[in-house]
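> If you want the building blocks of each chain, they are given just below.
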Amino acid sequence: MYLSQTGGPSAALAVPPLVLFEGVTKRFPAAGGAGEVAALDGITLRVPKGQVTAIIGRSGAGKSTLIRLANGLEKPTSGRVVVDGIDVAGLSESELRGIRREVGMVFQHFNLLASRTVFDNIALPLEIAGADKTWIGLKVSELLDLVGLADKRNRYPAELSGGQKQRVGIARALATGPKLLLSDEATSALDPETTRSVLTLLKQINRDLGLTILLITHEMDVVKQIADDVAVIDGGRIVEHGSAFDILATPRHATTRALLAGQPGHRLPDAFAQRLWAGPVEGGRAVLRVVCAAGSGSGLLTDLIAPLGGAAEIIAGTIETVGSRSFAAFVVTLPPYQAEQIAASTPLPAGLLSAEVLGYVA
Amino acid sequence: MSPEVFWLILKATGQTLHMVGVAALVGSLIGVPLGVFLATSGRGELFAAPVSNRLLGLVVNATRSTPFIILVVAIIPFTRLIAGTSIGTSAAIVPLTVATVPFVARLVEAAVREVDPGLVEAARAMGATPLQIVRKVLIAEALPGLTLALTLTLVSLIGYSAMVGAVGGGGLGDLGIRYGYQRFMPDVMLAVVAVLIVLVQLVQSAGDRLARHFDKRGRRS
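Protein chains in written order, with our numbering: chain A, 1 to 362; chain B, 1 to 221.
One or more hints might be untrue.
Computed list of lysine-lysine pairs in PhoX-like fashion (alpha-carbon distance at most 25 Å, straight line) [unchecked claim]:
hint: 1; chain 1: A; residue 1: LYS49; chain 2: A; residue 2: LYS179
hint: 2; chain 1: B; residue 1: LYS216; chain 2: A; residue 2: LYS133
hint: 3; chain 1: B; residue 1: LYS216; chain 2: A; residue 2: LYS152
Simulated from the structure, these hints should not be mistaken for laboratory data.
So that you can see chain B by itself, here it is in the shape it has in the complex (with noise of 0.2 Å):
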């Protein structure tokens, strides 16, 4: 492999990296309150207002099932208006912060809703408050949940990302339509696939790591 390659692959991951790392924390400070949101908010629950729970829940199930492709080129103006430009690294991350939201938002809601009802019960015998039960209660014991669901929202954006080269967003991906596939450089799609695999690998094995760390409901050895 030429050093040219080399660093064309080193310069893409940089901005792969960049991209879903921005757009995962972007993301999840949105997405994880939504999520805590639509798992509390239905009818008798702890926040109760089922009208904004439905149509939260509607506007969540429009965005996810809108093809990512589709939605990088459809909320071009959107990403103007908060880039400043519709093309580039920066501006691809726009689209790929708009689709993690309810993408985090729906695995939060159901990471929340796996904890005992009993549990919120007890707080609420102790004179816990919402925001309490929320804090002390959901968040906590959800926590491996929530790790796993993150994890998972990472891996998903390493792959989202690899679409983003539509408008010229660089990364991994796009290195490998345009060098490995367009002009036919078979080593460069392979180092490409070797550094997702890799990539992926590193971030699954993290998350169940410190999933594992968060959960103490089996029996410790």
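Next comes chain A alone, as it looks inside the complex (with noise of 0.2 Å):
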């Protein structure tokens, strides 16, 4: 596994565990019933309190067998899952109930109850507790507030769109007051738009509620806004770990790079990929991708490639905010020996985070 270097995960050392995953193991039996098959292989993560982390994979790299760990919809095979102290993989059905009032959990299909009205809907977790009509009634009307769907109360879930659909599974979420929120693809089933609005009630939630957030996604824009800390994981492992901002500005796992593939500053335009070439090409360039820490004070852009020097031609570029920090990603094409110089030296050119040949061009 890689751990960035610039800080660790986001100083989240410093911020003691909501939930622990310790050495876990989760094998299922393989479909046929010969034998298993690991779905989740030694993990281990920390889940910083009151920060969002986002743990990202491709389907079926273990990510939704792992949340469900958190509030014990599954047990690990072998392993620790610590939620707040409290070892979950150890308890008894009965005993799990009560840890599964205080984490919510929100899904990709919004899972609301058909015959319910919104307000029922919300309802449903304190009902399910035991509270009393008049704080359901206060709580639930707090809730429909919170969300912006208070004038939706006596609607049926067939008769919302997508996004309020899932408004209704987050007020549900937050009903019995969690700890921690756990989020399994919430954004997944909706379109663009609507997934920015969502993830920025999500984002609101846990700076305003201090809620933690441990969020499964296969989308990198998911984690881009919204995400403090982000785990990969592929094969059941966790490949990488780190900050959002490391992990989106210097990727440094395959995997990771793959999941990135399509955002800017890492995609080549297509007719130029075409042209690439893995060795050099006599009287050719070399093609670099570059990525400088941006905003810090220093926004020109003569400033920004200067470690460069005056002989890098720009094929694309961008400028990503990420949080509070932003990193300016650029693909120049440069003599080769240039190239491979900044490439190759320790420490890199002042203002450079990552430097990196991609191939050759005629």
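From these two lone chains plus the hints, build me the complex, please.
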């Protein structure tokens, strides 16, 4: 596993973890009955209190299983899952019920009861916990205001849009005042605009209520918008863990890079990518990808690309903001010796976070 | 139609309603919980008990594969134990109920299995007990399907009740056989069939309407 160098997982080690996965493995019986399949293979991960931690991976990487360990919907084959000081892996079903009331969960397909109105859906966890009617009325009204659906209280889920349904799902997850919110691909069934508004709501809840959020996703855009901390999972293992800034600016593991491939600043123009060679081309140029810290007082383009010298030709570039920090990523072509020199120098020239030769063009 | 025939039909209609009503009520009281159990006791489910599930499934299948008229005769000792007699309308209710239980159980099982497993997972994540999940999620969400299942049960029972004339159960079917067929009175036969059609039609449309009322899945206009 790669741990990012600049400050570790967003200085998370200083914050006590709300959830701690320790050497967790999970095996399922293989389809067909012969042998077992490892869904999780030795996961160790800290989820710091009060932060948004994202677990990103392709489908089948094990992220659904991982998030379900945190509220005991799945039991690990071995290892510990400590939630707020209690190892939930060792609890019985009835002991888990108490824990689950302190852990909210939102789902990709919302999982609202079609037979209940918006109000009654949000009231369900309170009914289950045995709250009295007056309290339920007050609490649900407050939650409806929080998610901006006060006018929809007597509607049925079938009458709502996807984004509204997920807002109901979020309100329902918050009803019992949890310390931890688990989000299982909460925005994967939504269009990009609705995704943004739902993520904004989650970020607002994280900030205003100090709620710890653990989310799983396969979309880098989700990570970019709300995560403080990111763990990349592949084949049941955490392959890279760091602050969202580090993961997005300077990914190191191949899986992380593959997940980032569609992002601006990572993607080469198609026509250009087709002309790329692995080795030097006679009389050609090297293609270099550089990432520089931006927004640190010096926003001048000339300052950003100063370390590259005057011969760089810019092919693609972007400036991204993650949390409160920004970085600029450029793909440039340079004479090969110059590109190789920059990429190989340790430490990198001042202002550069990473430099990598992607290939060569004629 | 003579007044005597009119009174005969009225009396037979009363007997049919009596038999069908009691059998449906008692059959559902036993069949609905069994159906819920069948739907939730498979391997890895809410009340996982795969062996009981398998055994119950076998009993249900055995009862359902026995032709009703044979069931009526075969369980006569049991009928006598429950009703104190083996002939008459009250006695006929026993085999009707026995046939209703597995019928309802399978239909209820199917309706409950239609409920999205994601909803059960969501309720578990809220800390719901298995009984809360059954009451607040499974039954509530399956209500439109359960209503249609009970409607189908009533309609089938009206059909079955025509066969209990064999043990002196009376009712519309019995009247049709004895007067309409054996005494060759086509007007009685016609009247019996007409009353049965009206009954089934009423039950079906009431059931449909109720199911629509419970169904909040579609967009309401």
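> List in ascending order the numbers of the hints, as given earlier, that are violated by the structure.
none
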